[in-house]
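Asker: Protein sequence lines, in the order shown, are assigned to chains A and B. Quick note on numbering: the first sequence equals residues 1 to 496 in my numbering. Quick note on numbering: the second sequence equals residues 497 to 679 in my numbering.
It is worth saying that the hints were derived from the structure and are not from the lab. Heads up, a few of these hints could be off.
[Unchecked claim] Straight line, CA to CA, 27 Å or less: simulated DSSO-like cross-link-like pairs of lysine-lysine: (1) A:Lys-385 to B:Lys-568; (2) A:Lys-99 to B:Lys-643; (3) B:Lys-568 to A:Lys-492; (4) B:Lys-570 to B:Lys-500; (5) B:Lys-500 to A:Lys-187; (6) A:Lys-490 to B:Lys-568.
Please read these numbers as outputs of a predicted model, since none were measured by experiment.
Letter by letter, the chains look like this.
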Amino acid sequence: MFVAGFSVIFSNPIIILLIFLGVAVGIIFGAIPGLTATMAVVMFLPLTYTMTPIMGIALLVALYIGGTSGGLISAILLNIPGTPASVATCFDGRPMALKGQATKALGVGIFYSFLGTIFGLLLMILIAPLLAKVAIMFGPFEYCALALFSLSLVVMLTGKDIIRGLMSAFIGMMLATAGLAPIDSAKRFTFGNAQMNSGFQLLSLLIGLYAISEVLNAAGDLDNPPPQVYSGKLKIKGLGFSFKEFKSQIGNFLCSAIIGSGIGILPGIGGGTAGMLSYTFVKNKSKYSEKFGTGIIDGVVASETSNNACIGGAMIPLLTLGIPGDGTTAVLLGALMVHNVSAGPLIFQKNGAVVYSIYGTILVSAFAMLVIEYIGMRGFINVLKIPKQYLLPVVMSLCFVGAFGSSNRMFDVYCAFGFGILSFLMRKGSLPFPPVILGFILGPLFESNFRRVSQYMEIDSNSWESHPIAITFLIITIVLFTFNILKIAKTKKSKD
Amino acid sequence: MKGKVDLITGGAVFLGSLFYMINANSIKVFSGEGATSINSKTIPIIWGSCLMLLSILMISRYFINVYRNRAKNKESQNSDIVIEERFESQKTETVTEKKENYRIKFAVPLTFLLLIAYVALMKEAGFLITTSAYLFLQIVVLSPRGKIRWYSSASLSIVASIVIYEVFVRLLNVPLPAGLLTF
Chain A
1 MFVAGFSVIF
11 SNPIIILLIF
21 LGVAVGIIFG
31 AIPGLTATMA
41 VVMFLPLTYT
51 MTPIMGIALL
61 VALYIGGTSG
71 GLISAILLNI
81 PGTPASVATC
91 FDGRPMALKG
101 QATKALGVGI
111 FYSFLGTIFG
121 LLLMILIAPL
131 LAKVAIMFGP
141 FEYCALALFS
151 LSLVVMLTGK
161 DIIRGLMSAF
171 IGMMLATAGL
181 APIDSAKRFT
191 FGNAQMNSGF
201 QLLSLLIGLY
211 AISEVLNAAG
221 DLDNPPPQVY
231 SGKLKIKGLG
241 FSFKEFKSQI
251 GNFLCSAIIG
261 SGIGILPGIG
271 GGTAGMLSYT
281 FVKNKSKYSE
291 KFGTGIIDGV
301 VASETSNNAC
311 IGGAMIPLLT
321 LGIPGDGTTA
331 VLLGALMVHN
341 VSAGPLIFQK
351 NGAVVYSIYG
361 TILVSAFAML
371 VIEYIGMRGF
381 INVLKIPKQY
391 LLPVVMSLCF
401 VGAFGSSNRM
411 FDVYCAFGFG
421 ILSFLMRKGS
431 LPFPPVILGF
441 ILGPLFESNF
451 RRVSQYMEID
461 SNSWESHPIA
471 ITFLIITIVL
481 FTFNILKIAK
491 TKKSKD
Chain B
497 MKGKVDLITG
507 GAVFLGSLFY
517 MINANSIKVF
527 SGEGATSINS
537 KTIPIIWGSC
547 LMLLSILMIS
557 RYFINVYRNR
567 AKNKESQNSD
577 IVIEERFESQ
587 KTETVTEKKE
597 NYRIKFAVPL
607 TFLLLIAYVA
617 LMKEAGFLIT
627 TSAYLFLQIV
637 VLSPRGKIRW
647 YSSASLSIVA
657 SIVIYEVFVR
667 LLNVPLPAGL
677 LTF
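Whenever a hint applies, use it, and build me the whole structure from the sequences.
Answerer: Next up, the structure:
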């Protein structure tokens with residue numbers, strides 16, 4: 001069945017063509033701020049109704065992979081992450097572009113996106129059932145501890161000023177409390193507006209924080225424009241980086257790929273958190289952590305490897321348990337149902353050919369992404385040649401279209417603008433943006449699971465004891481949090 | 497002003513968290529079967545309190561720094577005197593230069609106004625009209641000193657809005673607001 005699934009993909013040129021088309025469209029969706037991989041999959045879903053299940057699912061998976069990888073282009077070139085998954089790519093990708101190394105940053109990002117996807121695929125093929133079992137072991141206690149652990153990493157993301165970093169994270173968590181509460185659906189901060197019941201969208205927040213602030217920055221810098229990123233002739237040598245650099249990143253790649261896949265198999269967290277967690281982990285263990293954020297390839301490798309490794313991870317609970325890991329896999333689950341493929345423990349017996357064709361699709365999509373992005377790199381870099389006064393307003397307009405298109409309502413556009421004002425005020429107060437995103441994603445995860453834990457504890461107050469994974473996470477959280485605070489305090493003292 | 501960033505940020509965040517906490521207190525809590533002590537109000541109150549605490553810490557840090565700097569300044573008060581001289585160039589500005597100076601000086605508030613107008617009018621006037629107008633005006637506002645290209649800005653604005661509209665409405669079935677141009 002394994003061979004049959006792969007041979008269906010490789011023997012049919014139309015499917016290969018569809019995959020290449022899907023990846024190309026996905027990259028465009030990922031690269032344009034405001035448009036996401038989820039949106040691409042949703043928009044192309046009706047087109048697959050008339051296709052065979054393997055063809056339709058191949059197209060959607062290709063869109064997913066292209067969309068996830070495409071986000072790095074705008075993150076590096078415009079400092080506006082195309083998707084939530086590429087937020088961490090901005091940290092070092094943009095400084096590299098500002099140093100005149102945009103080609104290198106893109107080359108590294110593309111190559112490690114490819115490697116990350118392949119790593120996730122290998123995990124899927126080799127140990128999917130085992131990983132699915134691990135995913136099942138994660139209940140409210142474990143999720144609650146994991147969310148706390150991830151939130152504690154905010155301290156590492158913030159750099160020198162812990163107060164500012166924590167403030168940003170709490171602002172993100174507070175924004176996420178608007179709408180209906182988890183468990184009992186109590187209305188919170190809706191101010192009588194029915195549109196507020198569903199709360200704020202991550203996409204609106206991303207547009208407001210990154211895209212609008214970039215336009216406002218450009219307006220503020222008119223008299224002192226930043227140095228031009230693109231200058232002279234474009235030189236692309238090989239993959240954009242040397243073999244020596246590749247060798248130096250092996251450890252970084254493995255750590256990031258494991259973190260990305262690990263986060264991927266846990267439903268509800270997603271590539272955005274995976275990228276930021278890998279970045280902070282790699283930064284923390286690095287011998288030259290002070291160089292992170294100044295434009296080194298390590299940061300781009302960490303972010304891009306993990307957000308793409310997340311794809312394979314997210315597909316594991318989707319296929320083996322029928323649990324979607326994020327928004328895009330939720331739509332993919334719907335697509336599987338439309339094509340009469342029931343995801344769950346029996347999928348290998350009932351629809352083995354489809355599962356293995358998905359593996360084949362991921363493999364072809366990864367190569368398609370590598371080829372298309374490397375060929376298109378020259379074109380992407382040319383974006384930098386477009387004067388900012390023309391580029392940014394068009395990007396802004398596309399962002400608003402994206403915000404509108406996510407749920408077809410003007411409310412999300414208003415929210416994006418509101419978050420734009422927030423970003424302006426935060427920039428004035430030197431409050432960092434990444435912790436807001438992390439808080440916004442992890443806040444609801446923590447709350448819903450914390451409330452479930454409280455219900456368990458109501459019945460048995462000692463139920464914590466039977467959750468060793470959660471206890472381990474809590475201990476690691478306390479140790480890491482204390483260690484980092486002491487480290488920052490020590491650095492500050494030595495500077496004084 | 498720069499030294500007061502902590503004070504202003506702390507103060508603004510404190511007021512924001514106070515507003516949040518007041519609203520969090522008015523959340524209606526479920527008290528039926530299965531209700532626990534951790535309810536829909538608990539987490540917002542925890543987040544709000546933490547943020548308030550952090551804002552107080554930031555304000556305190558400002559005052560501690562002021563106190564420290566004052567002590568330092570006292571030590572070095574008589575060490576040296578810096579004389580600042582300001583040379584102001586008396587340059588006569590032409591009307592065009594004056595307009596350009598205003599545009600550049602007010603680029604940020606103008607961008608804000610453009611974004612407000614764009615978002616507020618999009619539903620009523622429609623995507624095509626508002627986007628064309630926004631793109632044109634925003635390009636003008638963001639253009640560097642003396643580099644405004646009126647015709648190319650206008651044509652790019654119109655072409656870009658039409659292309660975006662056509663791609664999203666016709667190709668991707670996103671029902672962007674048609675507004676006044678209902679076709």
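Asker: Decide, hint by hint, whether the structure agrees.
Answerer: Consistency of the hints with the structure:
1. A:Lys-385 to B:Lys-568: violated, 49 Å
2. A:Lys-99 to B:Lys-643: holds, 26 Å
3. B:Lys-568 to A:Lys-492: The given pair, whose Cα atoms are some 18 Å apart, holds under the 27 Å limit.
4. B:Lys-570 to B:Lys-500: holds, 20 Å
5. B:Lys-500 to A:Lys-187: violated, 38 Å
6. A:Lys-490 to B:Lys-568: Within the cut-off at roughly 22 Å; holds.
In this structure, the hints that do not hold are numbers 1, 5, in rising order.
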